[in-house]
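Top line first, the protein sequences correspond to chains R and V.
Mapping to the numbering used here: the first sequence position 137 is 137, numbers consecutive.
Throughout, the numbering used here is defined as the position within the second sequence, counted from one, plus 1000.
Be aware that a few hints might be false.
What follows is a list of derived Cβ distance ranges for each label pair [stated by the list, open to error]:
hint, chain 1, residue 1, chain 2, residue 2, range
1, R, Leu149, V, Arg1216, 24 to 34 Å
2, R, Gly205, V, Arg1216, 40 to 50 Å
3, V, Gly1101, R, Leu190, 21 to 31 Å
4, R, Leu190, V, Trp1029, 52 to 62 Å
5, V, Thr1104, R, Leu317, 24 to 34 Å
6, R, Ala44, V, Arg1163, 32 to 42 Å
Under 8 Å between C-beta atoms, here's a sample of chain V residues computed to sit facing chain R [what the hints assert, rightly or not]:
hint, residue
7, Leu1210
8, Arg1293
9, Arg1316
It should be emphasised that the hints constitute simulated quantities derived from the structure, not laboratory data.
Just so it is clear, CB atoms sit at the ideal spot from N, CA and C, and this is done for glycine as well.
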Amino acid sequence: MTRTMLRPPGHTVLRARRSSFLLHRRSLLVAVVLTALLAATVVASLCIGESFVAPGEVVRVLLGLPSPDELVVGTLRLPRLVTGLLVGAAFGVSGALIQTVARNPLASPDVIGVTHGAGAATVAAMTFGITSYAVLPYVSVGGGLAAALLVYLLAWRRGLHAARFVLVGIGISVALGSLTRLFVTKGDYLVAQQAKVWLTGSLNGRGYDQAAPLATVLLLLVPFLLWAARAQRGVAFDNDTATALGTRLDRDRLGLGALGVVSASMATAAAGPVDFVALLAPQIARRLTRTPHIPLLCSALMGALIVTVADLLARRLFSPTELPVGVFTALVGAPYLMWLIVSSRSSRSGGTA
Amino acid sequence: MAVTLLLLLLAVVLSLAVGSRTMAPSAVWDALLHGGTSDDAQVVRALRVPRTVVGVLVGVALGVAGTVLQGITRNPIAEPGILGISQGASLGVVCAIAFFGVHTLNGYVWYAFGGAAVAAVCIYVVAGSGRGGASPVKLALAGAAMNAFLASVVAGILTTDARALDEFRFWDVGSIAGRDASIVGQTWPFLVAGLLLVLAMARGLDALALGEDIARGLGRNVALLRATGALGATVLTGVAVAAAGPIAFTGLAVPHIARALVGPGHRWLLPMAAVLGPVMLLLADVLGRVVVRPAEVPVAVMTALAGVPFLVVLVRRRKVVAA
């Protein structure tokens, strides 16, 4: 029996007994490089702070060896860093999924109202005296889901047109944003300060309390994400092609969209709406891997990298004042979005961009 | 038109009469004409009259600015708030508070204009370039990006300056409550200047509605028209933002209501928008005073909530999306 080698260019086939798996070589390389960069950033981020800790000591702490810097690195800096990594990864994945479903590089959880919904719900809860981190994440997720559902329902008209989706999303975002501002004025001065910082997306004072629910949810999502990585390829085609290929389009889109919304809401719950990570990470990852679809793993790595680097800069650049990480990501992300708009010259983008 | 003017009168009366202390229109009338020192008279003259006048001023500015922006971009969702022009004005005000020690409205105004102008230029360049010109989605996204960018700069400044936050957060919510009469005295010249600019190019808007080429064929200088219109709209937005903070969606909804009433000709459209703007703003403000008594909902929240259905209906019409 001759085995015909139908192998797409740039892929390697991994075989383990009877199952086989297509591996995109360039994606693998990018993933490895991103992981290495991420590791370097992790060490750098743990070294740099009010006091400098030698990289050697950081590595010792990470490996669980006794070290004099245990307190600074392990207790003060590590929880914040872990939160940043998880938040970045969650936003990256979420952006990849939502951009795939919308088939539009401009769609992201920020644009379609998810983060604003989570933000409005959380600030409202804060104003009414709920400040416990045991409750707030659920409030955020509820708010994000509700906003996304609202946008979905309002934009639905014999199918989901990407442009309509984006426009309705922006409208709902504006309305939710003004509600959020209302809640900020209702609270007292301290709540206002806390809410304002939270709303720009900050990792300051975030630790395992915030990271734990996010980590749990991300772990629970892993099997679904594996499904998503497969389903994603079908959804990326236009409607007719996808249907002809036997993709159950509506079901897949709903599933991918829901996954994206859940991870974005969870990330928002942990660190506030860190702007534009969900928009940037998948696009950069895709340009690096040069895959036809948006790579999930690389998007997650890229998201984590963006958030940790941005947080490092936000912490140190104007030291001793600490800026919220969201300020930084928005300063980079917004011009990038504008550049995307300006440079979208292909005829296909006429309907979507 | 006459009916709309009556509506405006009604809105003004409501704005004067309704509040945490509701009084009969006759009492309001008394207070206005004869003065007096009763509590009612004090409330009307010291609080409600300035508030109402500011509301009218801001409403006119936003209504006309929205109409002109929609006219020059030929885009049904153009609006100072969505395009980020208001956020630009906000940034100007924040800088004034944080860096230049400006704490009076007279000072704010110039910074608000500056910020609004810079944001307007950037948005137009971004949305207008690339293939297909300024389509609704591109405009909205460019506006959203601009909003996020400016908001993050504002947030950055405010995080490092807690005192400025305390001053800014009340202004930021967009309200016409607690503004005193001096604001009107300081901003009306700008309102007039903005309206004159708009008036100067108003006739060209009808030509522009037919398309750039036809407008050019009719002997209009399209670039000049657009520049004048944009400048006028920016000045008007600056007035509104300086006086009341960012108020979204009024500039979006008003032109559409006006168009439904008097058709697309700008000769009637602009005056109609100028009357409907204050009507919408004052009614939203009155509603905001009533819904959560004895507290108040700022007018910007009310207009945003009232404006969203508008946007949704607009977007669901096929025309907008296809563009």
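**Report entry** Contradicted hints - numbers only
**Finding:** Hints 1, 2, 4, 7 and 8 contradicted; others consistent.
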